[in-house]
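Protein chains: 4
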Amino acid sequence: MIAGIIGAAGYAGAELIRILSGHPKVKGFSLGSVSLEGGLIEQVYPNFLGAFSSPLVKPDEVIEKSDIIFSALPHAVGEPYAKACIDKGKTFIDLSADFRFDDDEATYTAWYSKAFAHPELRQRSVYGLPELNRSRIKALAASGPLIIANPGCYPTGASLGIYPSLAKGLAADGTIIVDSATGITGGGREPQKSFHFPEATDTVSPYKVGAHRHLPEISRVIKTMAKEGSGAAVDLIFTPHLAPMNRGILSTIYIPLKPQWQGLPGGDDPRPPTKETEAKEAEIRQCYQDFYKDEPFVRILPQGVFAATGRTRLSNYCDIAITLDQGGKILIVTTAIDNMVKGASGQAVQNMNIILGYQETEGLEFIPALF
Amino acid sequence: MIAGIIGAAGYAGAELIRILSGHPKVKGFSLGSVSLEGGLIEQVYPNFLGAFSSPLVKPDEVIEKSDIIFSALPHAVGEPYAKACIDKGKTFIDLSADFRFDDDEATYTAWYSKAFAHPELRQRSVYGLPELNRSRIKALAASGPLIIANPGCYPTGASLGIYPSLAKGLAADGTIIVDSATGITGGGREPQKSFHFPEATDTVSPYKVGAHRHLPEISRVIKTMAKEGSGAAVDLIFTPHLAPMNRGILSTIYIPLKPQWQGLPGGDDPRPPTKETEAKEAEIRQCYQDFYKDEPFVRILPQGVFAATGRTRLSNYCDIAITLDQGGKILIVTTAIDNMVKGASGQAVQNMNIILGYQETEGLEFIPALF
Amino acid sequence: MIAGIIGAAGYAGAELIRILSGHPKVKGFSLGSVSLEGGLIEQVYPNFLGAFSSPLVKPDEVIEKSDIIFSALPHAVGEPYAKACIDKGKTFIDLSADFRFDDDEATYTAWYSKAFAHPELRQRSVYGLPELNRSRIKALAASGPLIIANPGCYPTGASLGIYPSLAKGLAADGTIIVDSATGITGGGREPQKSFHFPEATDTVSPYKVGAHRHLPEISRVIKTMAKEGSGAAVDLIFTPHLAPMNRGILSTIYIPLKPQWQGLPGGDDPRPPTKETEAKEAEIRQCYQDFYKDEPFVRILPQGVFAATGRTRLSNYCDIAITLDQGGKILIVTTAIDNMVKGASGQAVQNMNIILGYQETEGLEFIPALF
Amino acid sequence: MIAGIIGAAGYAGAELIRILSGHPKVKGFSLGSVSLEGGLIEQVYPNFLGAFSSPLVKPDEVIEKSDIIFSALPHAVGEPYAKACIDKGKTFIDLSADFRFDDDEATYTAWYSKAFAHPELRQRSVYGLPELNRSRIKALAASGPLIIANPGCYPTGASLGIYPSLAKGLAADGTIIVDSATGITGGGREPQKSFHFPEATDTVSPYKVGAHRHLPEISRVIKTMAKEGSGAAVDLIFTPHLAPMNRGILSTIYIPLKPQWQGLPGGDDPRPPTKETEAKEAEIRQCYQDFYKDEPFVRILPQGVFAATGRTRLSNYCDIAITLDQGGKILIVTTAIDNMVKGASGQAVQNMNIILGYQETEGLEFIPALF
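Chains as they are written, first to last, in our numbering: chain A, 107 to 477; chain B, 107 to 477; chain C, 107 to 477; chain D, 107 to 477.
Chain A with its partners taken away, still in its complex shape (with noise of 0.2 Å):
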């Protein structure tokens, strides 16, 4: 099988071309780069001479060449491209956020200043995160062509750790807040201020606080598993931070419970969580490890282990660890994944495996490197 991947020469493209050439079933390659067209992919990263060689030809020609194609593209720019693949029955797996809102242009709009170009491909596009929607994903491959809306980076840690809560009916009505923390690879491959290095090193911060394009991305998922579950009205709230790290994205989330699932405080004042409260947190565990039971890529914690990104490294694992607060009436989940492997290529991969019928897991095994 020929993998094609448009806008290889990001570190997203990179990332899958890392992880494409140990896939059993990738025969070859075929790469795409509008900035660097008739160059080699090891002139620009040059950890790949020797180990893997390519010209980086037009993305009409990747198209062409592949048998699947994965594109990298900024926001924007890609449909086109997914045009073309639908018109010559191949499917396209798309890393941008231009397929993320199905329909919903408005929203997409608004955030992304830019109108959809064509219309009529979310009838053959889907939303592409496993765990919510393999089936839908299966069912829609089952027909032809399809157009992957991968997820981004936050929405994918953020909106498993919710998940459970909404499809079992944990979380009461209310908002359910997403504070998050990511590695600097997040924000590309191209230099600028916030990512030079003296300016980011040695330093954590917010930025677009309130107003980042992942807040309606993420708002859009959790609102559908409510919908799909136990029908609670879920606002959100979502915060992104930049860590002085590479990869990794660190999500605590803050979800209201009902009364049923609360522990019992300690008294008016804090005090360490009561036993009654940590036996909350035990069932909600379970509650989070029955459901995900069957996911090979979601590990959920045992009591003690708290998420942490570097635990995730160089995996497609998400990892996800339960807490109650001491005054029992908010779910602390935390998640970590590697933003660049089920934040985007892996999971990529993942959908890949999906579609073509292999082993969901194939060419993703990666125990997370240690460091």
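Honestly, the hints are just simulated from the structure, not real lab data. Bear in mind that the values here come from a model prediction, so they are computed numbers and not experimental data. Treat the hints with caution; some may be incorrect.
The list treats identical chains as interchangeable, and a pair is accepted whether it falls inside one copy or across any two copies.
What the hints assert, rightly or not - Only pairs whose alpha carbons sit at most 25 Å apart, straight line, appear in this in silico DMTMM-like list of lysine to aspartate or glutamate:
hint, residue 1, residue 2
1, K381, D210
2, K364, D374
3, K314, D375
4, K220, D374
5, K329, D374
6, K333, D374
7, K220, E384
8, K131, D400
9, K314, E384
Using the hints provided, position chains B, C and D relative to the given structure of chain A.
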């Protein structure tokens, strides 16, 4: 004036030395260490070689020889030294938690597993957050030697970010969430697994979720602020995280607003913040600005500048940024401090300045180091 | 095939697990730990949770159950296990220094303060640098179980950078200087002051200057290379440094050149390299290229690309860059490896592949991770 | 006294502001920026907000209003400003390379591709390494306005480490090798690929090997030192590296010793340093100690303490450690500086103090920050 430091060989002690050695009023030092008594401070910290030299003596000798005594000892071991100071008519500035709960021994004991050794000392102690307690500190100092309960690092950044919302009546009744990330110096000088470079770098992780000792401290402070302010009934959730940097604490704080302070959302689905919400945000920012207008160490950041720990590096500033989420109901305050300065040793010196009647900023007017 | 690892709970052991778990020929594991016997490896390393599970058993049990045994024990404790392996007809791949000095017990003892426990074992041991000793390894393996003295991390990067200059007669008699910087995983899993995050980050420092145990090892290897090559009489200076990163060793090597290999300086005062010097540099680069042309894990970098540890990350490559100083007399070779892979566990697996007659690259064909 | 800074918006300019704002004699500032003229410095650096405010004006206005002028402009653009200063009777402290080669225009041109704009200015310029040229600086200052060629960052740490060996006749004729690693602030404020966080963190790499512009500068300085000292004929090899840290330069320097200064090796094969070698090392250390005994900013480290950039952080110190390799023939000197302080802005202020007759340490007595 001779400054005494007990527990001088720990990180907070060393930072006190660095700051006080540039203080115009400090003419000499007496340094104490229980475990390293008999050695020299420059043997512990080779960065001091040739720049600062001092023997490490017994704590009793420090108390004897000094005009004012700082204690950077761990929790639950310093009370006898506090008593000795008061008995000798000397002020004791305590960087541990021992005096942070006033006479609420039950809460202290619940979290620190220790009773008060000398309960009566609480009549001479005060929580040393100058922005909250400046007049109380001065009043107590006017009547004799006192004990300063120097605030914890997290509580400093958290409570300064919350204070105006409670004093000015912005905050509604409800739960305030503080989500914080600290640099690794917060863990002190003793090597341990979580702070081993290969485990601590390139990863972000929460720890002691819902069970950190600074939770009851922050809770206590903000309840005091609420009581003396608008009377709002507020609860607290607090989640600390470790980030791969040395200095700094970034706190992202979620405060439910009273209706009159809320913004206007753009619709049922999330939209970028409306003009009305931005106007309300500007009003709130102005409110914070007014509240802190005479505070030398609090900086309210202008619109578009977010708090970043790196911008307070090696300074005594607490930076505060004000944002309203697009939904308009939750005020998101982000604060940044240098955990070793405003979060520990710098604030201790600020307290010293207040007590001794010096200019409050004396010896603390550092421009934050860019890197 | 069952792979056994003694000392599995240390960093090199954990890295062996990560690599071997993706090796097509490895069907099972037996993991040993003296100090953590009775536990599970995933309790030691939560990154393994759900991805890899194994009890930690006694070393004897590991030897019993495994087809080949890796030892990641510290120096001077593993000989009894080596003996047990040989006695049972099993190969022992030793990541410690115990067998790196062949029968030169005097040098070993001078640096490791320990005598050989079983001197006779040296008849079955060989220094496991495949690029130097591939045929010796194969020959020994053909005659029964053997002991691989897996090279030290610094010696791997240093001697591969020097080898062609000695084999091909470029190096003049004289002193070769190796100036290296290692990532902090080189110090192992045990927390200690030098590796405490606040002490280890944002600083570079040398250590054990002129007195590091890898000095006699590198010296021994390059003297062998010289003897089997051009016969140059070479001495060694070696200076290790700690750099604030996790993986990687960068070695900058200064080799005095024979007159016929020297460039032409631009004058009495320093000038940018002349065309003649650049031409000579290209000749030398070609010489290195030719020498290593069949080596799967050595990459000679093209002109203008310097070695960088980050470009070998998580791979078994040794990158080598060739430069001639503007003065033309000294060849400056820079080499980069991942200290945990080519510098330890990856090279051990490479040796296993050779011994067991597998494709030498099997299970080791990783594209270096960009970050 | 009013301090003027041209090129104030770059990193060296910002560091000058930070240092000079704490200098007792500096009463005001005039800041110039060609590209950001009309803005405010605190808009460029939000860490200054509320702590330091100044407009950015035209360079000519800076010269007009200031008593002494620092230039942190890039190379090859500042001569007209230097001329304007001298013409107006004002001293110009130049952090660029333009005046570092005295009247050797050929070398300057060979490396900087630019002719001198005003060759005659070299009659009023002096290389501003106080430890070498203090009396020359004073003499020139006594006769009118002057130009300080403030040394490069690498040359400062390198030449201070070499100086005593040449002045005291320790060094034999031959090649001195300087192998250095710098923090990334050395690359300045402009974002570029090599300094993009994901490319620059977790990796060490050499750059411009044998071709860095500081090579002719160091060469020139040490040849002057040799000529004024023992007369040794020395050549230079210099290799710079990038390390993932912000501040600091670590230089490891290899100096061939005259026979009378050599140690006694332990045998043909490498052995740990002998007592004789250690004794000789102590003699050499004492020699360095004596040589620098009156220098306020040079610290000779005691036996067993190695230079570490982190221990000079934010200080004007140059730390020097002395080691003799076990072979006894090569002196290994390691030096550490903060590249932004002693390697740039701090040294510029030290020069200002000398010129204006202030205490040389005034405004520069910082204890190095631990972290």
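Inset, instruction - Pop the pair K314 and D375 into one bin, within, between, both or neither, using alpha-carbon distances up to 25 Å. - result: between (35 Å within a copy, 18 Å between copies)
Inset, instruction - Using 25 Å as the alpha carbon limit, work out where K220 and E384 are close: within a copy, between copies, both or neither. - result: between (48 Å within a copy, 23 Å between copies)
Inset, instruction - Please work out whether the CA atoms of K381 and D210 approach to 25 Å or closer within one copy, between two copies, in both situations, or in neither? - result: For K381 and D210, only the inter-copy Cα distance (23 Å) is at most 25 Å; the intra-copy one is 46 Å.
Legend entry - Identical-chain pair category, K364 with D374, by Cα at 25 Å: both (20 Å within a copy, 23 Å between copies)
Inset, instruction - Pop the pair K131 and D400 into one bin, within, between, both or neither, using alpha-carbon distances up to 25 Å. - result: Within one copy only: 24 Å inside, 27 Å across.
Inset, instruction - Up to 25 Å between alpha-carbons, please classify K220 paired with D374: within, between, both or neither. - result: between (51 Å within a copy, 20 Å between copies)
Legend entry - Alpha-carbon proximity context of K314 and E384, limit 25 Å: Answer is between; shortest inter-copy Cα gap is 13 Å, intra-copy 36 Å.
Legend entry - Homomeric proximity label, K333 with D374: Cα distance no greater than 25 Å: Between copies only: 15 Å across chains, 36 Å inside a chain, cut-off 25 Å.
Inset, instruction - With 25 Å as the alpha-carbon cut-off, assign the pair K329 and D374 to within, between, both or neither. - result: Between copies, since 12 Å is at most 25 Å while 34 Å is not.
In this structure, every one of the numbered hints holds.
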